[in-house]
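Can you make the complete structure from the sequences, with help from the hints?
Given next are the chains, with one letter for each unit.
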Amino acid sequence: MEYPEIDAYASMDSPIHRFDPRAKIVSFTLLIFSFVFVNEIRIALLGFLFSFLILLISRLPLAFALKRIRMVFFFLFPLLLVMPLTVEGREVLNITGISVSFDGLIFASLIIIRALAAVTLALIMLATTRFDITIKALYALKVPGTLVQMLMFTYRYIFVITDEFSRMWESMECKGFRLKANYHGLSIFGNILGMIIIKSYDRTRRVYESMVAKGYSGKPNTLVHLHMSTKDYVLSTCMVGIAIFVHVYQLMFTV
Amino acid sequence: MHISDGVLSFPVIIAGWAIALLLNAVILWRCKCRHDMAEEIPKISIMTGAFFVASLVHVSIGPTSVHLLLTGLLGVVLGIMAFPAMLVGLTLQAFLFQHGGITTIGINNVMMGVPALLAYWLFRYGYSKGFNPSALGTFCGALGMILSGIFLALMLITTGEQFTEIAYAVVVAHVPVMIIEGIITGSVVTFVMKVRPELLPLEREV
Amino acid sequence: MIGAVEAIRVKGLSYSYSDGTKALEDIDLTINEGEKVVVVGPNGAGKTTFFLHLNGTIKNPGGDVWVFGKKISDLKIEERIHQVGVVFQDPDDQLFMPTVFDDVAFGPVNMGLDEKEVEMRVHKALSKVGLEDFEEKVPHNLSYGQKKRVALAAVLSMEPRVLVLDEPTANLDPKSRADFINLIIDLNEIDGITTIIAMHDVNALPALADRVYVLNKRVVAEGSPREIFSDWSLLKENSLEAPDVFKLFKVLNCFGYSSDDLPLSFDEAVEILTRTIEGTEGHIHLHIHEHTHKEISDVMNSYNHHRNGKE
Amino acid sequence: MIGAVEAIRVKGLSYSYSDGTKALEDIDLTINEGEKVVVVGPNGAGKTTFFLHLNGTIKNPGGDVWVFGKKISDLKIEERIHQVGVVFQDPDDQLFMPTVFDDVAFGPVNMGLDEKEVEMRVHKALSKVGLEDFEEKVPHNLSYGQKKRVALAAVLSMEPRVLVLDEPTANLDPKSRADFINLIIDLNEIDGITTIIAMHDVNALPALADRVYVLNKRVVAEGSPREIFSDWSLLKENSLEAPDVFKLFKVLNCFGYSSDDLPLSFDEAVEILTRTIEGTEGHIHLHIHEHTHKEISDVMNSYNHHRNGKE
Ligand SMILES: Nc1ncnc2c1ncn2[C@@H]1O[C@H](COP(=O)(O)OP(=O)(O)OP(=O)(O)O)[C@@H](O)[C@H]1O
Ligand SMILES: Nc1ncnc2c1ncn2[C@@H]1O[C@H](COP(=O)(O)OP(=O)(O)OP(=O)(O)O)[C@@H](O)[C@H]1O
Ligand SMILES: [Mg+2]
Ligand SMILES: [Mg+2]
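So the protein sequences, as listed, match chains U, P, G and V.
So for the first sequence, the numbering used here puts the first residue at 1004; every next one is plus one.
So for the second sequence, the numbering used here puts the first residue at 124; every next one is plus one.
So for the third sequence, the numbering used here puts the first residue at 120; every next one is plus one.
So for the fourth sequence, the numbering used here puts the first residue at 120; every next one is plus one.
In case anyone wonders, no lab produced these hints; they're calculated from the structure.
Careful: at least some of the hints might be erroneous.
[What the hints assert, rightly or not] Below, in silico cross-link-like pairs of lysine to aspartate or glutamate (DMTMM-like), each with a Cα-Cα straight-line distance of 25 Å or less:
id	chain 1	residue 1	chain 2	residue 2
1	U	Lys1202	V	Glu254
2	G	Lys266	V	Asp211
3	U	Lys1222	P	Glu288
4	V	Lys266	P	Glu321
5	V	Lys141	U	Asp1166
6	U	Lys1183	V	Glu234
7	V	Lys266	U	Glu1176
8	P	Lys317	V	Asp138
9	G	Lys190	P	Asp159
10	V	Lys178	U	Asp1166
11	V	Lys130	U	Glu1176
12	V	Lys141	U	Asp1010
13	G	Lys413	V	Asp386
14	G	Lys266	V	Glu286
15	G	Lys266	U	Asp1010
16	P	Lys317	V	Glu254
17	U	Lys1222	G	Glu346
18	V	Lys141	U	Asp1205
19	U	Lys1202	V	Asp386
20	V	Lys266	G	Asp209
21	P	Lys155	U	Glu1176
22	G	Lys355	V	Glu390
[To be verified] Label pairs and their in silico Cβ distance ranges:
id	chain 1	residue 1	chain 2	residue 2	range
23	V	Ile309	U	Pro1064	53 to 61 Å
24	G	Val124	V	Ile309	23 to 31 Å
25	P	Leu144	U	Ile1060	29 to 37 Å
26	G	Asp310	U	Ser1169	36 to 44 Å
[Claimed, not checked] If you only want the chain G side, here are some residues facing chain U, beta carbon under 7 Å, derived:
id	residue
27	Val205
28	Phe207
29	Phe215
30	Thr218
31	Gly226
32	Asn229
33	His259
C-beta atoms are modelled at their ideal positions from N, C-alpha and C, and glycine is treated no differently.
As structure tokens, then:
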């Protein structure tokens, strides 16, 4: 089982890496929301190209990025096959009575392009900052402390539990078990899962004890050092500008 | 099945966020009044971590493989805290693995969190009426899954009529997963009842 | 020790878990400032439970713990964590923040210190455990020994006067184990921190103990390591063993080597041997007389009690 | 050993984890049937990774492992688990069924045995580890030492010819540790099971090893425990130590006790001492001559390498 190492390349250097994490989160989130609600395929395509441009600027290894981005494509690819058949519209092809509609094709493409733009931006946002700093930036952005802490601790324990789970899995395989989708296999899997839940539950007590031993009272406890420079202001203004412009342009275009 | 970015329409997404944030706020506020948050925060976090890891397992059915959602189980184990746990889990899943989407975290939270809450209430109610916990677990696990599927279908239909056929297909596709999750949830409940019954929120309220 | 300051005093402490498990019964003990105390006892004896009382994690109205003369229930959190720091066994339970820096800074931040002071303490604590350049590292990329050190640093940064360690040497390779033991000794001897340690590793015990408490729900015995290890029936009843070196000198005694000082560790053994041989004008006789075999088998039987049926 | 059956043969085995961590490099080794072999090495040396190859959990096209003359990749699962059983360190990772019976029956059931046979094997395995009446218990409620035994029984029930144990003595109290060691020795000597063990506990090592491999990504050394522990630079480079008893006899040698047999454990020490003293007509002289101090400090320096700066 692999660790979720999204920030493996966070220590590289690029203008995106240097972008203040708070400004990065705000402007990328706005961009994502903006591109996702575009209705015009040409504008969506421009948005995707823009995202890809930022990916190039960020110098993240393309293999790393594409491996993650293509997941979305695989997930949505069936739409491209189904929607031309189910959506009514201008017919481009008629295969033995089944009509393939142009509108369906366009609509499916639009969805996929929007999703690709969004996932590319999200990937860049996360991959160019160490995950702990992203979480601290959320705190600095006044996201409620309870949620930020839950994100932080969950993130940390994903690694611990992944190790634990792999060890349990190994020891089951050693005894000749292979997970198959039959009743026996699934109920054994339920046992492992139950064991994981019990072990994690016991761990919650020990972790809480060690937190209390350090004076924990439920408030977030990190030092955050982040400084906005002029460059950060300029860059985020540009991105917010683009996010807004896309929709203004679309309005004018469709009118 | 998470919803990706770019599929749903603006009003649906915004409604999703609104409901999700409101429910989370209410649940956390209620929790703050009844429990010590200092104790609840590490508890929810680590349990969320456990579910996160478990949901990365792929079960192969025939030529394809599905990864688990464990909606019903989350509800049965965590009670109403399953809802905020789901928010945290989905956020990390979207960010770390690109499962689902960023803009759809809210709607996904509702789509899976509400069935989790229903599964929890049903489980508690059934248990207090003396039903067999294992059978109840199986039922709640299956119910959580199929409700998520139905919610997803409803949301697709609300977004646009282009999705009508796909929405039906989605519900049908959820049936095998529903059976899988039912069996798994049932055996987890059996296991926990035997080994560590105090872990399930049956007598106490969460 | 006359005039010694009482660091920890426990009187009539009993505790049962909510499921009814009786973990502690009527514990009475006093530990002075600057002492090194080890608590031993079989698995499930209540060592960890006892430690949870020392820093107020378990709130127990049924028993009293005084820390430097003040009742622990009357202390404010910031005061309490400044007095007693507890390092638990599994480092993964204690490193809950995303980076090493955050983990070590966690306590000081909770104490309400200002940023400068927090940073200074983090540097100091990390350099004590020899991990100066690890601030930005992520806990899951550390080795087990390194995690243990970070867990210790995270408590040292609160600058406690009493340091409580639960099984500090478990799972470490021999070098890391030796390093960790030295680190603890330094903290006690150089920084004057009182250390209270629970452990199963009897060969490492003598280096870490001025005094030993044997715990098995209640305090079964108290004394110097030598006193405890000399009492084989005590050891047997509490699933303990004596260090190999100690047992070996018991045997040497049977062979006519006569010294009342029985060493507990290798270093001490060398020192005592040298001293004894020099004291006897340069030589010692080891010989077998008629009772020797009987004496040896007595020693073997008393100390190898856990291996019955194997000889 | 001429005519011995090769239980495990590994040739040119290398392995890197998917994140690029090189865990094993060009491992070559052969273990014969009936041997007791211990693998030592610092934390992160690749011991656990190596063990995962022995029963095919890690599928590695880049290196070959033969079990009783057959390539492990060619064996069917049921055959393979009948040949090699692995017991991991943390018993909680291995016990996932609601009762002890189910856990011990798990392997045999996966092997496709019929009910009668499964039950018989479970009884046999549980009686081997001394837990006859525990079938209906919930593993989660057992003590740590008992859990370790159940984890072992769960592998014994598959009746493997080779038993692989990862750190069997970690976290056990002294009695449980001694019991567990004896159990392993019995399995080897009475049942003829080949045992391969990874551990950090050098004081327990001699009892469990005919032969030692020092692993540190590659096989750094191989030899009898005595040979390995005599090579102090090897120990130093691999974060190891020698048993206390062994070091002590090195010192006795400086004092003029002359015996080439250096004992590795307490029991052996007593035996050797008795033999030597009897052989020298009932007595031995220990004395200090001019070189003694120098010799002793050499021994101390070589063997206490992990404590530099502390003496
Ligand atoms: N949270 C808990 N709820 C119920 N019982 C508990 C709990 N924690 C510990 N116990 C029980 O209390 C007793 C004392 O446990 P404790 O952990 O203090 O022992 P210990 O001396 O630290 O043992 P070890 O050497 O194995 O660490 C044991 O019987 C244990 O099973
Ligand atoms: N699943 C994994 N993914 C990536 N790297 C791993 C994984 N498991 C282990 N490693 C790395 O491989 C190396 C060998 O690890 P291994 O667990 O085999 O060591 P070990 O000798 O068993 O150590 P220890 O004595 O601490 O148990 C280490 O550097 C470890 O960090
Ligand atoms: Mg303990
Ligand atoms: Mg290992």
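TODO: Please name the hints from earlier in the document that this structure breaks, with their numbers sorted from lowest to highest.
DONE: 3, 8, 17, 18, 19, 21, 24
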